[in-house]
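**Q** Sequence:
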Amino acid sequence: SEEIEKTTGGQFNPAFKKILQSEVREPDMDYILAKHAEARLNDVADQILARIGNMWPIADQEIKKYVVRLLEPFTTEQLHDVLQRPLAYTGRIHKKVQALAEAAAEKNFKEMLQIGKIRTEPHWRFSERLVPGKLGPSIAISLYEREGDMNNYEARAITELGGLPNIACWHRNLGRSKGFSINGFSNNHYPDFILLTKSGKVIIIETKGDDRDNSDSAAKARLGRIWQDQCGPNFRYFMVFDQSKVDGAYTLSDAKRLVGEVG
89 SEEIEKTTGG QFNPAFKKIL QSEVREPDMD YILAKHAEAR LNDVADQILA RIGNMWPIAD
149 QEIKKYVVRL LEPFTTEQLH DVLQRPLAYT GRIHKKVQAL AEAAAEKNFK EMLQIGKIRT
209 EPHWRFSERL VPGKLGPSIA ISLYEREGDM NNYEARAITE LGGLPNIACW HRNLGRSKGF
269 SINGFSNNHY PDFILLTKSG KVIIIETKGD DRDNSDSAAK ARLGRIWQDQ CGPNFRYFMV
329 FDQSKVDGAY TLSDAKRLVG EVG
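Following my numbering, the numbering of the sequence shown begins with 89 at its first residue and continues without gaps.
Please keep in mind that the hints were generated in silico from the structure rather than gathered at the bench. Accuracy of the hints is not assured; some may be wrong.
To be verified - Below are the DSS-like pairs computed for lysine-lysine, each with C-alpha atoms no more than 30 Å apart in a straight line:
#, residue 1, residue 2
1, Lys198, Lys152
2, Lys183, Lys152
3, Lys153, Lys222
Given only the sequences and the hints, what does the whole structure look like? Please build it.
**A** This is how it looks when you write it as structure tokens:
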């Protein structure tokens, strides 16, 4: 939009100022919507982009192209609504762009696996001492004298899984930058527990309470299965729900049965 600003010499000059969504006033909307179709779409897309922010590694120009394509069928009245209620649209567009980006990243990740450019290598080991911060409950056969904090479902799950006769010990995996992680196609996955069997096998457990937001669970389950397949027969991955589950996951009762059979 064009505004008048006062200079140091007392003169008044027109100055152009980028309109932010939080500042889109009715006159500014009228100014944008009066432009020809291409310029109008670009200006409305700029309003959306300013709120979406940086979505690295996706370039801003690629996001803008996508937003413009979304807005192309909109009538003038609908574009006015976008400018009037940008937050109502920005969240949905951000979520859609994020989903497309993650799908593309997963596809590329799998292709790199297929041609051997991504592989698993051992690089993590248990610490001699554990400093978990907030302590969890005392549960039998933990690897360390005291393990890290956990919620009620996690405590119940590890009590039942860790108490199986073939399990030698278990560890409450620490969070970001401290614990074991599976390098993923979008974010690294820090599972909840590491179990060691008496025969020397490693079992990774990711617990999911039915009352939690599990929107990323399916992707984590796929990643865990890829990790398991890449590591070989001495490594197993289980995503464990209490009752409900996503593809590739198990209920706690099924996980108990299967983990108990890992030789």
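**Q** Holds or violated: are the alpha carbons of lysine 153 and lysine 222 at most 30 Å from each other?
**A** Violated: lysine 153 and lysine 222 sit about 47 Å apart, past 30 Å.
**Q** Taken at face value, is the distance from the CA of lysine 152 to the CA of lysine 198 at most 30 Å?
**A** Holds, at about 27 Å.
**Q** Taking 30 Å as the top limit, are the C-alpha atoms of lysine 183 and lysine 152 close enough?
**A** Roughly 15 Å between the alpha carbons, so the hint for lysine 183 and lysine 152 holds.
Checked against the numbered hints given earlier, the structure breaks only hint 3 and satisfies all the rest.
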